[in-house]
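Novice: As a plain string of letters, each chain reads:
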Amino acid sequence: MSYVDDAFYRDLAAQFVDWQREDRRSLEPALLESCRGLLHLEARLLDEGRFEDWLALFAEECLFWVPGSAGGDPKREIAVAFDDRRQLEGRIYRLRTGYAWSQVPQARTTRIVSNVEVFSGASDAVCMVRSSFLITEFRAGATRTFAGWNAHRLSRADAGWRILVKQLNLIDCDQNLRNPSLLL
Amino acid sequence: MNISISSRPAHDWDALVQADRAHRILYTDPAVFEEEMTKVFAAVWVYLGHESQIPRKDDFITTKLGLRPIILLRDAAGVLRALFNRCTHRGSTVCRAASGSARAFQCPYHGWTFHNSGRLAGVPWPEGYACDFKDDKFNLAQVPRVESHRGFIFGTLNLEAPPLEEYLGEAARPLDDWIDRNPGGRIAVCGANRLKYKGNWKLAYDNSCDGYHVVFSHRSLLEMENRDERDPNKGMSYYKSKPDEAPMYCRCYGRGHHLKDKRPNMERRPGALWAIEGVHPGKERYEQRLRERFGREAGRWLDLASSEPINLTIFPNLLILGNHIQVLEPVAADETDTVWYGTAVVDGPDMPPGVADDINALRLRTQESFPSFGEVDDLTNFEEIQKGLAAQEDEWVYMHRGMDIPGRITTDGKGIVTAPATDEVFMRLYIHHWKELMKSNPVLSIKRAP
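Residue numbers (this note's numbering), protein chains in the order written: chain A, 1 to 184; chain B, 1 to 450.
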């Protein structure tokens with residue numbers, strides 16, 4: 001059952017406008033460290049191919065979003081990915097069939113996550129995190145990179161943070177992408 | 001201005017394209033590719049873009065005709081033009097944006113400026129020149145023939161080519177059907193999934209009507225779409241069991257155009273397409289809202305968010321699949337860009353208020369599915385073909401499925417060929433058309449504003 005509706009799109013637009021504000025940037029070491037820790041864990045789970053464990057980092061009602069243009073409105077234009085939880089489960093299910101030829105053999109990756117900045121949300125229960133990423137991929141005899149920055153919208157949970165939204169911004173999102181089938 | 005292409009004695013096309021097979025160098029040889037960029041991607045009508053991408057005067061997009069950089073625009077007078085994006089001075093591109101609105105283009109190199117009619121507006125410090133800048137040789141080159149079929153803009157450099165409508169021929173009918181399934185025949189391009197593969201463009205063309213590969217190449221997608229055991233008939237599941245015997249068919253119209261029509265596999269009732277559409281973000285919420293509003297009539301609207309079950313291919317670079325306008329852009333013998341433009345329905349008096357927004361909220365998400373979960377596997381297979389074709393001594397690829405089987409393929413009085421959707425007759429017909437083009441010596445022309 002999908003939870004995506006007009007209200008979901010409206011809230012998303014509101015959450016992702018004007019959030020990287022100096023007056024909301026937090027320099028609190030404990031907060032920064034806890035967010036950085038989540039991003040490092042996320043990167044490791046993806047690099048190790050532990051996709052189900054990766055999905056467990058997300059909130060029940062979550063979104064994985066790769067815009068097809070900078071600032072692209074997902075209600076008006078095609079995205080590289082706009083996955084609710086069920087679609088993310090499907091994405092992982094497909095990779096696990098063993099017949100997703102674009103990932104046979106599976107990409108080997110190593111992710112570097114850096115330049116982490118935390119911005120406070122409307123309440124203490126939510127924050128926004130900006131980070132830069134460099135994914136180096138080896139597959140089918142060739143090594144290449146995906147680069148860009150992530151916006152994570154996080155909500156506080158018992159054991160730390162859960163991911164409400166991961167917006168992954170490829171620097172070349174509006175260009176022709178060669179085999180973007182790995183889990184970014 | 002006419003430009004003759006020097007004929008190359010190097011290739012014996014009849015030897016390279018035989019009744020049942022094609023030679024590997026069609027896919028691997030840079031010299032063949034270079035020749036295709038004139039004899040195919042200039043000498044026939046080539047798809048350039050959709051009018052909804054340049055709705056107003058002065059709107060432009062940058063695109064390509066073969067390898068030629070093109071600014072496709074509506075000029076200040078509203079005329080559709082395909083300008084060469086190449087300064088007449090030193091050859092630099094004058095426009096470097098993907099899209100926008102501009103009455104003039106100023107070359108960043110030396111500041112030569114051109115009206116969007118292509119005419120030179122002026123050059124800096126003209127007193128340093130003795131020439132007459134009114135000579136039209138200084139105006140931007142442009143494609144001499146640009147025509148639109150109901151919003152689909154094509155161009156050719158061949159003054160001898162038939163009119164666009166004649167070129168499209170009977171293939172215009174399924175194209176019109178596809179346009180007219182949208183209220184008022186109105187569609188608008190709404191972004192794209194843009195993909196690249198390291199392989200020859202014809203590998204995608206060979207695949208365009210291929211009903212034989214589906215259950216093998218797309219097994220992961222089929223399993224993903226049908227992972228809910230309570231509803232195992234989603235998406236392309238009709239390809240399972242015996243697709244040879246399914247009612248769907250392939251139809252070849254001549255000039256390399258063909259259609260794979262899967263509509264006969266469907267129930268003919270409103271809502272039948274939606275019933276087999278996979279699960280996508282927003283499905284239940286928007287469906288519920290439309291059903292509460294329209295009751296049994298909701299199926300008619302929901303079908304517009306569903307993938308239309310046809311693959312229509314207009315030679316050499318336009319593919320209509322589901323709700324997509326897919327465009328093939330050759331880059332090199334072993335590299336191709338393939339852009340899957342999404343399309344949205346457009347509000348109008350024939351749609352109740354708000355319906356277009358709800359349909360498009362669903363339709364955007366349904367259109368992201370195949371490029372993400374299906375096409376990536378096709379493109380990987382094309383790349384692996386390109387690797388396989390490096391084997392120089394094993395020269396042939398075959399395309400003989402359905403060949404020489406009595407009664408399997410029929411031809412009507414207009415020359416339209418019909419066959420099972422799993423046959424390769426479309427490959428044989430288009431590659432033989434391609435062969436005739438490669439044997440020809442078309443005269444190509446450019447024009448300039450007077």
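These are calculated hints, taken from the structure and not from any lab test.
Accuracy of the hints is not assured; some may be wrong.
Listed below are the simulated DSS-like cross-link pairs for lysine-lysine, each with C-alpha atoms no more than 30 Å apart in a straight line [as the list claims (entries may be wrong)]:
| hint | chain 1 | residue 1 | chain 2 | residue 2 |
| --- | --- | --- | --- | --- |
| 1 | A | 75 | B | 196 |
| 2 | B | 414 | B | 387 |
| 3 | A | 75 | B | 57 |
| 4 | B | 414 | A | 75 |
| 5 | B | 414 | B | 196 |
Example chain A residues on the side facing chain B (calculated, C-beta under 7 Å, incomplete) [what the hints assert, rightly or not]:
| hint | residue |
| --- | --- |
| 6 | 33 |
| 7 | 34 |
| 8 | 68 |
| 9 | 78 |
| 10 | 101 |
If you want the footprint, here are the derived chain B segments under chain A, 3+ residues with CB under 8 Å [stated by the list, open to error]:
| hint | segment |
| --- | --- |
| 11 | 277-283 |
| 12 | 305-311 |
| 13 | 363-370 |
| 14 | 433-445 |
All C-beta atoms in this analysis are idealised placements derived from N, C-alpha and C, irrespective of residue type, glycine included.
Novice: Kindly indicate which numbered hints from before are broken by the structure, ordering the numbers from low to high.
Specialist: 2, 4, 5, 6, 7, 12 and 14
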